[in-house]
Amino acid sequence: MSGSPLASVVFLKIQEFARRPVSEQARLRAQLEAVVAVTAAELDPASRIVLEAGDGAVIVVLADPRGALRLAQRALTACAAGLPLAAGLNHGAVQIAGRKDGAGLTGDGIAVAAAAAEFAPPARLLASRAFRDALAEAAPGVEASLVKAGTFTDPGLRAHELYRPDGEAAKRRAGRYALAGAAAAIALVGAGLAARIAVEGQQPFIESVVAKYRSTAKQGEGYWRALVQKVRF
Amino acid sequence: MAKKKTAQIGRYKILGELGRGAMGIVYRARDPALDRVVALKTIILSDEADGRAEYHKRFFLEAKAAGKLTHPNIVTTYDFGEHDGLAYLAMELLEGTDLRERLQQGAMSPIEALEIAQQVAEGLGFAHERGIVHRDIKPGNIMLLDRGQAKIMDFGLARMRAADHKTSTGMVLGTPKYMSPEQVAGQPVDHRSDLFSLGVVLYEMLTGVRLFAGEDTPQIMHNVTYAEHEPPTYLKPELPAMLDFVVARALKKDPAVRYQEAYELASDLGTCLAELRARAGMSESSASATKTVKIESSVATLPEAPAARSIAFDTRLPFARQFDSSAAVERLAAPSRGDRARLGRAPRPVGWLRRLRHDAATRWFVLSTLAAALAGSYAAFG
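In the order they appear, the protein sequences are chains A and B. First residue of the first sequence: 1, per this note's numbering; consecutive thereafter. First residue of the second sequence: 234, per this note's numbering; consecutive thereafter.
Each hint should be verified, as a subset may be incorrect.
[To be verified] Covered stretches of chain B (chain A as the covering partner; in silico rule of three or more C-beta atoms under 8 Å from a C-beta of chain A):
no. : stretch
1   : 490-502
2   : 553-559
[To be verified] Taking CB as the label site, the calculated pair distances span:
no. : chain 1 : residue 1 : chain 2 : residue 2 : range
3   : A       : P155      : B       : R333      : 35 to 41 Å
4   : B       : F293      : A       : P121      : 26 to 32 Å
5   : B       : R581      : A       : P204      : 49 to 55 Å
6   : B       : A560      : A       : T153      : 35 to 41 Å
What the hints contain is simulated information worked out from the structure, not anything from laboratory work. The C-beta atom is built at its ideal place from N, Cα and C for all residues, glycine as well.
Whenever a hint applies, use it, and build me the whole structure from the sequences.
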């Protein structure tokens, strides 16, 4: 590996954490730990690293962007239980940092996820462009569920193109593709017919089509009769 | 020439010397009017005429304000005045030791530390309610009495010292170890500055570690302003986890997200104290039946994890202690050949064939178009 490894980073941020009373901070932190324990359990222990952040938790997911997205979405359901979470997702560089065996992780992958979490409204997640690309590569088509939320500039004046999940976006895209497919089909068949008319002329073409229809109808009638005979017998 | 021994200051008869400081001498003295023994703190007034007038005015204002503070956790000021170029304060004489000496004697139990911090917070809360900020909370200004009572000393004197910390060139004098970041920066301070200082003292009592220590004053000032602390439970795992949050909140660099009231801090310390006492009670009752085995933490410690906003600048985050991430860390540290290929490259655009295989919408579009093309060809040439 020439550079730092790339991984999907889920930043789960407890909103307004610093401003809450300490007893509430302790409660929310314990609640978040439970949420992370439940959601991270779905991932292979060899593909997730859990980090502590001052106002939340970070889950670094190795080679599974889809799993990272699922984890973030599941974690956000805990908002219904009174845990004010927001999530930021990114796919970027991470590196072991610290003394001896490594006491933690560092990297731009974490920084961008943190910035995305900072911009995310309550109970929502925002994902970076890099994460969307990683998701597209891992599960083509799934990235369509992330639609552009806008470009946000962090306090360090770095601009982030962020995406938000939209449950209807994939359906809308499938509808659009179906419509485009049907339109293409009509256009191509129509073009074929037009070409035939142009070569044969309109009257002979209509006659040949009518003749073909009659012979087909006759064949069909004979077939039906035979079938009815068989059934009666 | 030998110095003349002071026999009387104001109406107070000097009985002996209790100590000497940068500002003056503390005497044991008798108040003949009330037949009461007091601690008499003298302060040498500035020799410069301009400075003297200013100092004089501030001293009397502060002493007057401090004289209004009557609280079990604040040393009471009985009287103040001026005598032969010496300003003096007559204060409650206490039998005990100060917290600095107590910390030098050795480790403090968590319960003892929390009891002291809670009392100091109560005392500060009382003073803050009356608009008085101490500005110099440090172990040397916390008196410990024999029955576990803690009292804050030197209310009223702190402002003069605080003013002395900064010279005309903006240089901060004295040790800023217990100062808040805004105090170190020479910005205006309010009661939240005292809470930061109390947070530093609390940390030292709990862990025995001098927070923001440095080789010289500029280094200490830098540490006060920028260095993050390790959560106390990293150093003393037996402490309640809630204490990490209490300390973290008291030591917030930004006063806006720090504790806003000393009583709030006192209340949180009370909760931690109750937990510790309950735990102590439980361990006493079950001492014969169970055995506590301390599990050594294999993870090296990191400073307190930064919050999302500051991560843009400092991305280093510690591993969560509650989760075992060793397998994935191992994978990251020594990746297999497959992992090197998977983790080592940026996402690539997805090819049409792959998309056709995995993406149902694209598949439908391409297949329907192909079928239509065949039908169209048949219509044209068939």
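Problem set entry | Satisfaction of the hinted span 35 to 41 Å by the C-beta atoms belonging to B:A560 and A:T153 | holds (38 Å)
For this session: Between the stretch 553-559 of chain B and chain A, see if three or more residues pass the 8 Å beta-carbon test, and mark the coverage as holds or violated.
Result: Three-residue rule met by the stretch 553-559 of chain B, so holds; n is 6.
Exercise. Can the suggested window of 35 to 41 Å be confirmed for the beta-carbon pair A:P155 and B:R333?
Worked result: holds (40 Å)
Exercise. Count the residues of the stretch 490-502 of chain B with a beta-carbon closer than 8 Å to any beta-carbon of chain A: does the count reach three?
Worked result: Satisfied; 3 residues make the cut.
For this session: Return holds or violated for the Cβ distance of B:R581 and A:P204 against the range 49 to 55 Å.
Result: This hint holds: roughly 54 Å between Cβ atoms.
For this session: Please test the hint of 26 to 32 Å on the beta carbon pair from B:F293 and A:P121.
Result: 55 Å Cβ-Cβ, so the 26 to 32 Å window is violated.
Hint check: a violation occurs at hint 4 only; the rest are consistent with the structure.
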